[in-house]
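Put chain B on the given structure of chain A with help from the hints.
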Amino acid sequence: MARELLKGNVAIAEAAIRAGLTSYFGYPITPQTELLEYLSARMPEEGRAFVQAESELGAINMVYGAACTGARVMTSSSSPGISLMLEGLSYIAGTEVPMVLVDVMRGGPGLGNIAPAQSDYNQIVHGGGHGDYHVIALAPANVQEAIDMTVLAFDLAEKYRSIAVVLIDGSLGQMMEPAELPPFKPLATQFPEWAVRGAEGGRERRFLSSIYLSPPEEEKANLRMLRRWKDVEANEIRYKEYFMEDAKYVVTGFGSSGRVALSAVRAARAEGIPVGLLRPITVSPFPYKVYEELSKKVDGMLVVEMNTGQMLEDVLKAAQGRTPVEFYGRVGGIVPLPDEILTEIHRLVEEKPAVGGHPRDRWMDRMIKMN
Amino acid sequence: MQTDIIISGFGGQGVLFAGQLLSYAAMDEGKNVTWIPSYGPEMRGGTANCTVVVSDEEIGSPMVRFPDAVIVMNLPSLDKYESLVKPGGLLVINTSIIDRKATRTDIRVVEVPANEIAEEIGDRRLTNMVLLGCLVSNLPILPLAAISKALKEHLPARHQKLIPANMQAIEKGASFQAAPVR
Numbered sequence: 001m002a003r004e005l006l007k008g009n010v011a012i013a014e015a016a017i018r019a020g021l022t023s024y025f026g027y028p029i030t031p032q033t034e035l036l037e038y039l040s041a042r043m044p045e046e047g048r049a050f051v052q053a054e055s056e057l058g059a060i061n062m063v064y065g066a067a068c069t070g071a072r073v074m075t076s077s078s079s080p081g082i083s084l085m086l087e088g089l090s091y092i093a094g095t096e097v098p099m100v101l102v103d104v105m106r107g108g109p110g111l112g113n114i115a116p117a118q119s120d121y122n123q124i125v126h127g128g129g130h131g132d133y134h135v136i137a138l139a140p141a142n143v144q145e146a147i148d149m150t151v152l153a154f155d156l157a158e159k160y161r162s163i164a165v166v167l168i169d170g171s172l173g174q175m176m177e178p179a180e181l182p183p184f185k186p187l188a189t190q191f192p193e194w195a196v197r198g199a200e201g202g203r204e205r206r207f208l209s210s211i212y213l214s215p216p217e218e219e220k221a222n223l224r225m226l227r228r229w230k231d232v233e234a235n236e237i238r239y240k241e242y243f244m245e246d247a248k249y250v251v252t253g254f255g256s257s258g259r260v261a262l263s264a265v266r267a268a269r270a271e272g273i274p275v276g277l278l279r280p281i282t283v284s285p286f287p288y289k290v291y292e293e294l295s296k297k298v299d300g301m302l303v304v305e306m307n308t309g310q311m312l313e314d315v316l317k318a319a320q321g322r323t324p325v326e327f328y329g330r331v332g333g334i335v336p337l338p339d340e341i342l343t344e345i346h347r348l349v350e351e352k353p354a355v356g357g358h359p360r361d362r363w364m365d366r367m368i369k370m371n
Numbered sequence: 001m002q003t004d005i006i007i008s009g010f011g012g013q014g015v016l017f018a019g020q021l022l023s024y025a026a027m028d029e030g031k032n033v034t035w036i037p038s039y040g041p042e043m044r045g046g047t048a049n050c051t052v053v054v055s056d057e058e059i060g061s062p063m064v065r066f067p068d069a070v071i072v073m074n075l076p077s078l079d080k081y082e083s084l085v086k087p088g089g090l091l092v093i094n095t096s097i098i099d100r101k102a103t104r105t106d107i108r109v110v111e112v113p114a115n116e117i118a119e120e121i122g123d124r125r126l127t128n129m130v131l132l133g134c135l136v137s138n139l140p141i142l143p144l145a146a147i148s149k150a151l152k153e154h155l156p157a158r159h160q161k162l163i164p165a166n167m168q169a170i171e172k173g174a175s176f177q178a179a180p181v182r
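Here the protein sequences line up with chains A and B, keeping their order. All letters in the first sequence, in the order written, are residues 1 to 371 by this note's numbering. All letters in the second sequence, in the order written, are residues 1 to 182 by this note's numbering.
The shape of chain A in the complex, shown without the other chains (with noise of 0.2 Å):
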């Protein structure tokens, strides 16, 4: 397959679309509306179903009845749209049936603005809905990633019966780049044993729900997830290492803060700095493990987000104080730019912070002298 100059948002949608999707239900957002534009053509085309719902309340819980089917079922949103889905979401958690979300997130909390943002990264990654729950939280940096990454969502969610979120900003959303798609994965025609799609021949009656009365089969089934959940854990980490090999330091930031900082790597290598570039691809389940080893190895890390610091705590979470981890973010919708990184590489390895204090609250500091 040659190489196409596709649009992030176009690119997950044309790679959903090969990937087997059979069922769509979604509400126009910016900066995401351009995947369920796409969609609204190209779903008919193939003789699939296009919903565009009446709110983000009504696409979620057509995906429900959708998925409750086994069928490959999507939708997207952006931020705001996200949180109205949020309920919808724990009840397809709880009722174990898989579900790909693409949430392009924008700048926040409230109405906040359409400029790229990484400010959800707790409300996916740590929850979001009520419940103990975990999501499949994928989070590809660019066009080509971001077309792989959609397929494997699919893949994903149905092998663990699990939601699966591709989890980009508003800028992957709206970038361009080339890259090739998939070829067109057959259409199931098997179904898994739990979906419900009518008891053709009378065989015995299939039962989904979220609602278990008796605390003891809730329990049950909290426990089923959760062994499930081990499972992705035990099977899912992905991430990509730049310069690692003979890194003293590193830097780490997933989608476009990661692929930002690669410039920034770039830059200081050149000076002579050895320092790596860590991205990690699946922020849920979070690659902790590597970062503890990391951590014994290298002396010091940067995270860069766009937010106030949110996979930052789970960074300091797997360091546990063994080396030095500094901070550096921009939000409201601003990206960081990668002279700004290479300023906070220069810091971490002229400056040698303390390990001890917040890396936020060190950060902060600095902003407000800024600003």
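Any given hint might turn out to be false.
As the list claims (entries may be wrong) - In silico BS3-like pairs for lysine-lysine, Cα to Cα no more than 30 Å straight-line:
#1 296(A) - 220(A)
#2 369(A) - 80(B)
#3 220(A) - 248(A)
#4 317(A) - 296(A)
#5 149(B) - 172(B)
#6 369(A) - 149(B)
I should point out that these hints are in silico values taken from the structure, not numbers from a laboratory.
For chain B alone, kept in the frame of chain A given last:
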């Protein structure tokens, strides 16, 4: 090698399309390329810009503070980007609607009366192509022929009839060569 380019002007001047065409050409030449627009609640006549990064290796940041080359199609763009061009970099100025000179002496400046040239060719909407032709001919990243090839390859069939005029605009723009750094 990596080259960071910004194209900036009013919405409606073809800023985003010029960047896309450049990106198609770079892709077809086997380069890595990113195209990212300024997006927001924008409208015709407001400001628009896009950043195009062309590279032989995996591209990190698709956004840049200090570009290697900039096309400014209007005065606000010149005011915004002149000071940010890297020393030795390239600044292409649309003199048709910008009535001030560049003040930097450590960059290569090329002045192109792009609106007039486009009108002579017969369509003011070719202004962006005149400036793109100038940019590409003043940078060592792509042969000019890559741009015409990209037009033929990627323009929808209903627009193919416009290619000769576009080519004329690109070639006319390419005849403007930047003065060396003073």
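Now the hints, each set against the structure:
Straight-line distance between C-alpha atoms of residue 296(A) and residue 220(A) comes to about 38 Å, which puts the hinted pair past the 30 Å bound. Between residue 369(A) and residue 80(B) the alpha-carbon distance is near 24 Å, which keeps this suggested pair within the 30 Å criterion. Of the supplied pair hints, the one linking residue 220(A) and residue 248(A) is violated, its CA atoms being roughly 46 Å apart against a limit of 30 Å. Taking the CA atoms of residue 317(A) and residue 296(A), the gap is near 13 Å; set against the 30 Å cutoff, the hint holds.
Distance hint between residue 149(B) and residue 172(B) is fulfilled; the C-alpha atoms sit about 17 Å from each other, no more than 30 Å. In summary, the hint linking residue 369(A) to residue 149(B) is not supported, as the alpha carbons are separated by about 51 Å, beyond the 30 Å threshold.
Checked against the numbered hints given earlier, this structure breaks hints 1, 3 and 6; the rest are met.
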